[in-house]
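2 protein chains.
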Amino acid sequence: MIKTEPMETSHIVQDTRHVPRRNLQSMLIGRPLATADAPHQTIGKLIGLAVFSSDALSSVAYGPQEIFLVLALTGLANLHYAIYIALGIALLLAILTFSYEQTIHAYPGGGGAYIVARDNLGELPAQTAGAALLTDYVLTVSVSIASGVAQLISAYPALYAYRVELAVGMILFIMLINLRGVKESGAAFAVPTYFFLVMMSITILIGLVRAVTGSLTPVVDPPVITIGLTQPLTILLILRAFANGTSSVTGVEAISNGITAFKTPRSHNAGLTLLWMSGILGSMLVAITFLAGHIHAIPADSETVISQIARTVYDGRGILYLATIASTTVILMMAANTAFADFPRLGALHAGDGFLPRQLTFRGSRLVYSRGIMALAAIASFLVILFKASVTALIPLYAIGVFLSFTLSQAGMARRWWKCGHLAPGVEVVEPGSTLRYEKGWQTKMIINGFGSFSTALVTIIFAASKFVEGAWIVILLTPLLVTIFFSIHHHYKHLAKQLSLDNELGVVNTRRNRVIIAIAGVHRGTLKALQFARTISDDITAVHVSVDPAETAKVESKWDYWGDGYRLVILNSPYRLFLEPLLDYIDKIDAISQPGDLITIVVPQFVGKHWWTDLLHTRTAETLRQALLHKPNVVITEVPYQVN
Amino acid sequence: MIKTEPMETSHIVQDTRHVPRRNLQSMLIGRPLATADAPHQTIGKLIGLAVFSSDALSSVAYGPQEIFLVLALTGLANLHYAIYIALGIALLLAILTFSYEQTIHAYPGGGGAYIVARDNLGELPAQTAGAALLTDYVLTVSVSIASGVAQLISAYPALYAYRVELAVGMILFIMLINLRGVKESGAAFAVPTYFFLVMMSITILIGLVRAVTGSLTPVVDPPVITIGLTQPLTILLILRAFANGTSSVTGVEAISNGITAFKTPRSHNAGLTLLWMSGILGSMLVAITFLAGHIHAIPADSETVISQIARTVYDGRGILYLATIASTTVILMMAANTAFADFPRLGALHAGDGFLPRQLTFRGSRLVYSRGIMALAAIASFLVILFKASVTALIPLYAIGVFLSFTLSQAGMARRWWKCGHLAPGVEVVEPGSTLRYEKGWQTKMIINGFGSFSTALVTIIFAASKFVEGAWIVILLTPLLVTIFFSIHHHYKHLAKQLSLDNELGVVNTRRNRVIIAIAGVHRGTLKALQFARTISDDITAVHVSVDPAETAKVESKWDYWGDGYRLVILNSPYRLFLEPLLDYIDKIDAISQPGDLITIVVPQFVGKHWWTDLLHTRTAETLRQALLHKPNVVITEVPYQVN
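Chains L and Y, in that order, are what the protein sequence lines are. Converting from the first sequence to the numbering used here requires adding 882 to each position, the first position being numbered 1. Converting from the second sequence to the numbering used here requires adding 882 to each position, the first position being numbered 1.
You may find that some hints are simply not true.
No copy labels: a pair is met if it fits in one copy or bridges any two.
Unchecked claim - BS3-like mimics (lysine-lysine), calculated; alpha carbons at most 30 Å apart, straight line:
1. K1492 x K1380
2. K1270 x K1145
3. K1471 x K1322
4. K1145 x K1441
5. K1301 x K1514
6. K1145 x K1380
7. K1322 x K1514
8. K1441 x K1376
9. K1270 x K1471
10. K1376 x K927
11. K1301 x K1270
Note that these hints are calculated values from the structure, not bench results.
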């Protein structure tokens, strides 16, 4: 041990405003942002509607079509039932809206399903809601992008052959945008959302006027689809059509997650925005379904129902048609973009609670959760490739997760009202997400949320049953698997924290003795540098040489006699030319006679080249040993690098 | 530093007869062999012929065909020139045989091109010869296996679609055999080689008798080939046909490499074996070319010339036909097998001299140079896949290397005789490979080897010129590239040895001071274990915490006040949430004020899980730091692992 000057106890704080160098990364996603640069801005209702509604509104681009698709199985004559199903879904939307209005006022800090379930139902429901939502965010990306590509293909059929490449390209583009970190500043959201709303309103209005005046003809040259044997119109099929259609209401929960982004009075503004959004969504859904039925639109892979409506309403593929398709494609991309904001944020929430790897809470150079963003892009692209960018193939997996989370969230709310109802007036219970106090009319509120939970539970069951074979089984298996993984991770962190905790520590066993073993292949400057280092650790030094070649060993022995400063040299004869095993055996033997508090330090001289290729010319002994010895509690491995000028 | 009991200087030798456990590897390639198990046996001439001639003899399976193939470009009428080309190649073979006879007697310890060139011409020619030979061994495998598959396809045309898979499968099979380590015991070689010789002799004899008696008709249903515009029969084309045909004489050098395997008198026995082999090879080459011309055999991908001869001679695909094809396929596989013995051995020779990575001298559990064997299999398979197992596509790359090595080897021999001629009688000069003394008639010997060198140089040039565009350019570029790589590696090892050498070392600078920096993310048992370890190294300990989250940092500070034993704690504020860069900056600063002999030891507590997946839940700080710091001469990194029960 080398004595040095005495030192004082002190915490030295150094500000290292270390800005990373410009590189490919900063070219792609922009210069790094400091933690203090995080934006704190709030938005009004008009912008709020644009920011939070793209997921919900965009789903009218595929929801009605997927209803028609199931009905078409029973023959084209039954397509007119679609409007009743659309009305049913609008009713469900109304129930959900009332339910979420209450959540928004109860959780002014943001009432996502994960938080509401965690506070009111416990960890298992919360993790289930989270797992379901994470799965669904992935599908939001895949389905929205697949539908966006389908719109493009409707306008430019030549692109059909490249649909998978287009979809993956779009996902990567949105990933880059998100790695850059979009400032949720409004304009970027407002322009495409209102462009879509305007175009859709024009299309629907002209369509309805022409329908009423009788000038709206059936679609010209409808796409050709082949239907096999027509199936009878069973209840199961109607339920499946309904389940497909409910994909239109996903995204309703978005506002309740983002209340803090609104201007004060937050809950009031957020609540009004939710009402607007639901009103618009419900009307569009019913109107589009009606128009599609009226023009005898055919649900097909080659042309979307939106495209058929638009070219019938505008009498061909003119500028208004193209604007409608463009606005639909863009809003669908915005919907995928929303998932890119929500997925990493929810992942970080899980990770912060110790249910996902802690690394997910780390914010990248642009202050976004880069790892979550890249993970989402990877999984969504995988699904798009796997299902060949077909909305119809993806839809059976979709929305089941979101309805499960609706159920749990509303059940949590119902339980919250029950708790409120049993508080004495004036008493306040502060939970992480909200504050509970007695409220008049808690019974009505409990019934509203309870009914919401019941309805969405029913939808979840309809989903699971009617789409099980088509693909829902994947999500049904995946969700409990994910929950199991979350709890395993949580157990690991909790167990580790307990084991590492110093709370009940009385004193730490001092290291009493540190034996040093130097693994040497030859005796040279590198070896002596390692020996010098070893001498600063301990006097108990043993050099160990694994002998494969007797001539080499003789050289090592004679050189060590001269240069080894009298330290012990052990030669391990290895008749089978093994290197690692004899050395590990030897270390095991030394370990076996260790006392508590003894340490064994393995010192390995390791050549380090200036060029990457020179490393290929040397055995990575240290690396191999480290892999083999990391699990031994009393063994420490030190690599003493030696370099050559 | 912990004082322990004094110790005596002693070399403790431990015999660790550590036999590796049975595992998948031992199932595939057999139980490990101890170094002392290496076989030392010698073989007679009959067995010697079998062991060393498969490469040379098997080449009659493709050599004549490749002559015909070039001639066919000028129209089928010109195929009869093939016999003159074959006679020319037989003449070349005779020259080579005389040349190599002299090598065998001059180098009783084995006179491969590498050794002869190294001893007589210097390192550059030796490395060039070695590079050329290594390239050619790879092509021996690819060409022989491709031709073997072509024989199989001739008998079973349905296999044509699987030719690449078949070829790769054969290479992997031979690789496994060689990883097992064939005892070159004779029977394994004698049976297939003599089977081939017997079948070929019968086919040729019956064929010649039938040709003389006039009962040998043209081949029935010859394969159909499409020839574009016929080219004029230019000198260049004849030279190309000749160059293709010389692929038949590759392998002649094999015996001169393996003299030590023969019974005494070694050189005498090896020399006689070489004469036999050349005699057989020359006769077969001429006879097969004659028969092929006589029956108007067509050189085609779909059926080999050998197959066409055999089914014409035997009047169809009977048992004798199948036996001929089988024996040809097997001898071609034996030829590939020879390369699997030669390539790793030559690679180890280069590596032992420091021109290839030292790891290539390491013998695996079965006492063979496993890495060389696997490398050969990988590269040969790659070529087979790249060239779709087509002999014709591979042949332009083949034989150029072997002829370059012939040239250098014979030139070396010529120079050797010149040196011998200028020695005083009675004087002996001992070189690594042979002993030089004055010999009568050295002039004649010099002329023979000189002429051999001249002829093969001429062939090499013919090769390079006539097949350049078809693919020879690859080898022509590759050889100097390989030689450059060899010398770079050699320079690296030599430079390193010089820098590390202790020969001119007067004394080593003692480490005067060891500063320890502990990188901590939190304060827990793992941290304290690292601190305990650090205390055995030095008193100059600084804990460094990179601060990203102020709340976390406050916790670290207060815990360190209690548990840090008064050691210094430095907080590095990192506003851009970078971890590595601030730490490296700090280490740089400390390094900048270091005195000679000072060391900085970075101690990193590293969590080690029991299950692989738990490692994913933790950042691999130690690994990241090691990568970044390995190149700093005065910095040592120590990972102190902490485990959890």
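Unsatisfied constraints (hint numbers, rising): Hints 2, 3, 4, 5, 6, 7, 9, 10, 11 not satisfied by this model.
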